[in-house]
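**Student:** Heads up: the protein sequence lines correspond to chains A, B and C, in order. Be aware that the first sequence starts at 363, since it is given in the working numbering, and climbs by one per residue. Be aware that the second sequence starts at 363, since it is given in the working numbering, and climbs by one per residue. Be aware that the third sequence starts at 363, since it is given in the working numbering, and climbs by one per residue.
Check each hint, because a few of them may be wrong.
One copy or any two copies: either way a pair holds, since identical chains are not told apart in the list.
With a Cα cut of at most 20 Å, we get these calculated EDC-like pairs of lysine to aspartate or glutamate [claimed, not checked]: (1) K612 <-> D640; (2) K401 <-> D465; (3) K604 <-> E572; (4) K510 <-> E393; (5) K520 <-> E546; (6) K366 <-> D465; (7) K604 <-> D637; (8) K510 <-> D619; (9) K392 <-> D465.
Bear in mind the hints are in silico, worked out from the structure with no lab data behind them.
If you want the building blocks of each chain, they are given just below.
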Amino acid sequence: MRLKRKDILAIEELTKDEIELILSTAESFKEVSEREIKKVPTLRGRTIINLFYEPSTRTRTSFEIAAKRMSADAINISTSSSSVVKGETLKDTARNLEAMNPDCIVLRHPSSGAPEMLARLVRCSVINAGDGSHEHPSQALLDLLTVKERFGRIAGLKIAIAGDIAHSRVARSNIHGFAKLGAEVSIAGPPTMMPSEIEKMGCKMFYKVEDAIRDAHVIMVLRIQLERQKTGLFPTAREYSKLFALDSKKLEHAAKDVVILHPGPINRGIEISSDVADGKYSLILEQVKNGVAVRMALFYLLMGGSRE
Amino acid sequence: MRLKRKDILAIEELTKDEIELILSTAESFKEVSEREIKKVPTLRGRTIINLFYEPSTRTRTSFEIAAKRMSADAINISTSSSSVVKGETLKDTARNLEAMNPDCIVLRHPSSGAPEMLARLVRCSVINAGDGSHEHPSQALLDLLTVKERFGRIAGLKIAIAGDIAHSRVARSNIHGFAKLGAEVSIAGPPTMMPSEIEKMGCKMFYKVEDAIRDAHVIMVLRIQLERQKTGLFPTAREYSKLFALDSKKLEHAAKDVVILHPGPINRGIEISSDVADGKYSLILEQVKNGVAVRMALFYLLMGGSRE
Amino acid sequence: MRLKRKDILAIEELTKDEIELILSTAESFKEVSEREIKKVPTLRGRTIINLFYEPSTRTRTSFEIAAKRMSADAINISTSSSSVVKGETLKDTARNLEAMNPDCIVLRHPSSGAPEMLARLVRCSVINAGDGSHEHPSQALLDLLTVKERFGRIAGLKIAIAGDIAHSRVARSNIHGFAKLGAEVSIAGPPTMMPSEIEKMGCKMFYKVEDAIRDAHVIMVLRIQLERQKTGLFPTAREYSKLFALDSKKLEHAAKDVVILHPGPINRGIEISSDVADGKYSLILEQVKNGVAVRMALFYLLMGGSRE
Numbered sequence: 363m364r365l366k367r368k369d370i371l372a373i374e375e376l377t378k379d380e381i382e383l384i385l386s387t388a389e390s391f392k393e394v395s396e397r398e399i400k401k402v403p404t405l406r407g408r409t410i411i412n413l414f415y416e417p418s419t420r421t422r423t424s425f426e427i428a429a430k431r432m433s434a435d436a437i438n439i440s441t442s443s444s445s446v447v448k449g450e451t452l453k454d455t456a457r458n459l460e461a462m463n464p465d466c467i468v469l470r471h472p473s474s475g476a477p478e479m480l481a482r483l484v485r486c487s488v489i490n491a492g493d494g495s496h497e498h499p500s501q502a503l504l505d506l507l508t509v510k511e512r513f514g515r516i517a518g519l520k521i522a523i524a525g526d527i528a529h530s531r532v533a534r535s536n537i538h539g540f541a542k543l544g545a546e547v548s549i550a551g552p553p554t555m556m557p558s559e560i561e562k563m564g565c566k567m568f569y570k571v572e573d574a575i576r577d578a579h580v581i582m583v584l585r586i587q588l589e590r591q592k593t594g595l596f597p598t599a600r601e602y603s604k605l606f607a608l609d610s611k612k613l614e615h616a617a618k619d620v621v622i623l624h625p626g627p628i629n630r631g632i633e634i635s636s637d638v639a640d641g642k643y644s645l646i647l648e649q650v651k652n653g654v655a656v657r658m659a660l661f662y663l664l665m666g667g668s669r670e
Numbered sequence: 363m364r365l366k367r368k369d370i371l372a373i374e375e376l377t378k379d380e381i382e383l384i385l386s387t388a389e390s391f392k393e394v395s396e397r398e399i400k401k402v403p404t405l406r407g408r409t410i411i412n413l414f415y416e417p418s419t420r421t422r423t424s425f426e427i428a429a430k431r432m433s434a435d436a437i438n439i440s441t442s443s444s445s446v447v448k449g450e451t452l453k454d455t456a457r458n459l460e461a462m463n464p465d466c467i468v469l470r471h472p473s474s475g476a477p478e479m480l481a482r483l484v485r486c487s488v489i490n491a492g493d494g495s496h497e498h499p500s501q502a503l504l505d506l507l508t509v510k511e512r513f514g515r516i517a518g519l520k521i522a523i524a525g526d527i528a529h530s531r532v533a534r535s536n537i538h539g540f541a542k543l544g545a546e547v548s549i550a551g552p553p554t555m556m557p558s559e560i561e562k563m564g565c566k567m568f569y570k571v572e573d574a575i576r577d578a579h580v581i582m583v584l585r586i587q588l589e590r591q592k593t594g595l596f597p598t599a600r601e602y603s604k605l606f607a608l609d610s611k612k613l614e615h616a617a618k619d620v621v622i623l624h625p626g627p628i629n630r631g632i633e634i635s636s637d638v639a640d641g642k643y644s645l646i647l648e649q650v651k652n653g654v655a656v657r658m659a660l661f662y663l664l665m666g667g668s669r670e
Numbered sequence: 363m364r365l366k367r368k369d370i371l372a373i374e375e376l377t378k379d380e381i382e383l384i385l386s387t388a389e390s391f392k393e394v395s396e397r398e399i400k401k402v403p404t405l406r407g408r409t410i411i412n413l414f415y416e417p418s419t420r421t422r423t424s425f426e427i428a429a430k431r432m433s434a435d436a437i438n439i440s441t442s443s444s445s446v447v448k449g450e451t452l453k454d455t456a457r458n459l460e461a462m463n464p465d466c467i468v469l470r471h472p473s474s475g476a477p478e479m480l481a482r483l484v485r486c487s488v489i490n491a492g493d494g495s496h497e498h499p500s501q502a503l504l505d506l507l508t509v510k511e512r513f514g515r516i517a518g519l520k521i522a523i524a525g526d527i528a529h530s531r532v533a534r535s536n537i538h539g540f541a542k543l544g545a546e547v548s549i550a551g552p553p554t555m556m557p558s559e560i561e562k563m564g565c566k567m568f569y570k571v572e573d574a575i576r577d578a579h580v581i582m583v584l585r586i587q588l589e590r591q592k593t594g595l596f597p598t599a600r601e602y603s604k605l606f607a608l609d610s611k612k613l614e615h616a617a618k619d620v621v622i623l624h625p626g627p628i629n630r631g632i633e634i635s636s637d638v639a640d641g642k643y644s645l646i647l648e649q650v651k652n653g654v655a656v657r658m659a660l661f662y663l664l665m666g667g668s669r670e
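Based on the provided sequences and hints, a complete structural model is requested.
**Tutor:** Laid out in structure tokens, this is it:
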């Protein structure tokens with residue numbers, strides 16, 4: 363089985379069937395990482411380039427491990443703003459990498475839309491590993507897999523997403539993903555962090571976390587970008603934390619069997635309290651585990667031949 | 363087939379026969395990168411260390427992909443000036459790496475002659491991936507391959523090289539390479555960028571690009587190092603560009619079937635205009651493609667057993 | 363054969379039998395690095411993460427080569443203080459990496475005890491690649507192997523260690539290791555660099571290098587951390603060098619067949635003179651060679667199945 367598309371750029375453009383194919387493929391790959399020999403020969407001789415214009419140890423490591431467990435060759439290129447090739451545009455970098463015949467480029471970029479531009483320029487597959495405040499599709503897919511595994515379904519569930527919705531590519535990808543699979547999404551955050559086009563996205567909007575999580579099956583807490591404080595989005599971490607951090611007190615407003623997701627890395631005591639992050643509701647580590655499986659599935663569905 | 367030498371340090375010291383062997387070997391490896399499974403088992407179990415004292419995403423990536431497509435293990439060591447092991451000389455680094463039994467060290471270094479010193483210190487093979495303003499042999503080899511593929515020969519062709527000849531290891535390697543294979547090389551650039559020993563190299567020298575390219579089959583445009591501006595080599599990028607950038611107007615002085623090379627990364631609008639870089643004459647991406655094949659060939663000819 | 367422990371955190375906690383098993387296993391792996399095909403399939407499909415919170419090209423490279431020669435997949439994560447994931451504790455990093463199902467994490471960390479904390483948090487194996495001024499067990503093991511190969515035994519030998527004993531994890535690991543295997547350890551260094559609990563460690567203490575090395579079979583010279591100068595531990599490099607550097611003059615006080623070790627990288631002319639470092643007594647490069655073998659042995663004994 364193989365996806366009919368060349369690239370994975372955004373959850374917004376995937377169909378329900380495509381998302382379900384990715385999730386079921388990822389489920390079937392989970393056991394590979396549980397084996398003693400965590401490796402299948404499926405993508406031997408394929409070249410995957412991890413091209414990261416923003417530092418992200420976690421996501422890069424997940425993609426790299428996924429590539430190696432599929433037996434592909436992984437090449438890492440990390441271009442911090444200081445070391446990026448002087449005077450070269452992303453377009454020229456793309457064409458040059460393309461000339462080396464990679465099978466897939468995984469791109470993390472601070473500019474929304476960069477992976478789409480890259481995908482139009484190259485014949486090989488492109489996976490968006492997070493672009494600006496646009497999308498982070500593999501994150502949403504691993505979140506969907508984690509929720510689906512817990513509840514056996516996505517349709518009909520109530521999902522609450524709390525934090526800086528407006529600037530979060532994780533939120534955007536998840537809103538699209540959960541909506542496509544039939545869940546109902548509520549969002550909560552300070553007014554300065556609410557997206558302007560939110561009505562179009564079909565979410566319920568709340569300004570109090572307590573209200574958003576009231577009937578939720580799943581609470582997704584977003585990471586707050588503390589460096590955004592300077593831009594006036596929120597006054598102090600303490601104040602944000604008081605109003606919006608998910609702690610055991612706010613959690614009393616949620617259902618008893620609610621589960622909690624966070625894309626990581628966690629700011630303990632800022633957007634989530636330690637007892638909640640480490641508590642019984644938390645599926646945070648299951649998300650990380652599923653991240654490897656989802657990325658193996660994406661590589662397989664974009665490049666794979668027959669699976670052994 | 364195997365080269366009789368241990369190292370590839372400079373085109374100047376290679377014979378015509380050696381260069382031709384490398385080019386024909388590289389041609390035979392090109393199809394590996396076109397396959398679905400881009401990998402031959404030839405160098406399985408060999409250890410290649412990419413030791414880069416200057417940042418070079420592009421060249422390092424090309425060598426790393428070449429190593430992996432030959433099934434060798436590639437180890438990257440990038441030592442920016444800040445992170446280089448404190449107080450350790452290149453000599454000590456070399457001996458220490460040698461003690462780990464690598465089969466080949468690929469060295470990029472800001473000092474001319476560093477790879478030669480390294481080669482004398484270690485038993486394993488050394489490939490010069492660019493040293494100061496001395497040589498960059500794998501770049502010249504990929505340029506030669508690109509030209510040979512286009513014209514079916516090198517002998518008798520007229521090659522024009524434009525830019526900062528004096529400080530360019532690419533120019534130096536190419537002047538030697540094209541001369542050895544029987545081409546005629548002309549150079550053009552500002553007087554401050556002309557090498558003093560140029561007559562000995564057997565090139566025709568021009569101060570106007572238009573004159574140098576008049577009968578050329580191939581125009582090689584060098585990357586201008588904008589940071590050299592401070593040293594007084596040229597007054598402003600704009601002025602350099604006006605006189606020396608290859609644009610469609612200057613290109614009118616060249617033959618209709620001329621081809622254009624550039625070692626990359628391109629400074630668009632500085633030493634080459636975008637329409638020329640992206641135009642029908644440009645072989646720039648073919649150069650990058652051939653770079654992987656040339657490096658596979660070098661690894662094979664230095665370390666290889668029998669090829670499958 | 364396999365170690366009964368999950369982790370290698372400190373020489374202090376290993377038994378004599380365990381150390382001897384590691385050394386004999388390492389000896390058997392040395393020939394792999396001498397072959398043309400330097401690779402055994404033993405650890406295929408295992409995932410090893412090199413997690414380095416301090417820069418260390420040399421140690422990281424040694425572990426990476428060891429992993430690849432065992433056919434394991436190696437993932438490098440280098441987190442300089444500037445690029446470390448903001449706001450994430452080592453605990454969270456550990457749990458997240460664990461969720462990706464690695465088989466072994468190799469940790470270098472500036473804080474003493476960090477690997478032990480990591481080991482308690484994760485199910486996979488942890489190897490301490492140097493933690494603060496605590497221990498650096500793989501360094502001591504390669505030192506033991508080097509001495510054992512030269513003398514055919516450890517028991518009964520006299521070992522002198524010179525330099526900043528108090529702050530050296532290399533010294534601490536070696537004092538434990540040589541003592542466990544029956545050698546007698548003397549230490550020498552300035553009073554400000556002597557550990558307070560030294561009597562408990564069972565060493566003889568000297569303030570003059572000449573006295574410590576008088577009957578020694580082995581002299582181990584420690585690397586001086588020049589950046590410690592600011593803290594008042596020693597006045598100037600020149601003065602330290604005059605009193606404590608091992609040069610040919612001081613070496614006259616040692617036995618004629620003494621051998622010299624240094625963990626590297628060497629500060630030439632500071633703690634050791636060039637003629638001594640490069641002279642006939644020096645086993646410094648043999649140490650590096652043994653480093654790869656010891657690390658292959660550790661990987662094998664922690665993760666291995668049956669060896670071919």
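**Student:** Now look at each hint and say whether the structure bears it out.
**Tutor:** Against the structure, the hints:
Within a single copy, K612 and D640 get their C-alpha atoms as close as 16 Å, which meets the 20 Å cut-off; across copies the closest is 58 Å, which misses it. In this assembly of identical chains, K401 and D465 lie within 20 Å of each other by CA distance both inside one copy and across copies; the values are 19 Å within and 13 Å between. With identical chains, the CA atoms of K604 and E572 are at most 20 Å apart within one copy only, with a shortest distance of 12 Å there and 64 Å across copies. When the C-alpha separation of K510 and E393 is checked against a cutoff of 20 Å, the pair qualifies only within one copy, where the shortest distance is 17 Å, while the shortest distance between copies is 44 Å.
For the homomeric pair K520 and E546, the shortest alpha-carbon distance inside one copy (5 Å) is at most 20 Å, but the shortest distance between copies (69 Å) is not. Only within a single protomer do K366 and D465 lie at most 20 Å apart by alpha-carbon distance; the minimum there is 15 Å, versus 35 Å between protomers. When the C-alpha separation of K604 and D637 is checked against a cutoff of 20 Å, the pair qualifies only within one copy, where the shortest distance is 15 Å, while the shortest distance between copies is 56 Å. In this assembly of identical chains, the alpha carbons of K510 and D619 lie at most 20 Å apart only when taken from the same copy (15 Å versus 60 Å across copies).
In this assembly of identical chains, K392 and D465 lie within 20 Å of each other by CA distance solely across copies; the values are 16 Å between and 23 Å within a copy.
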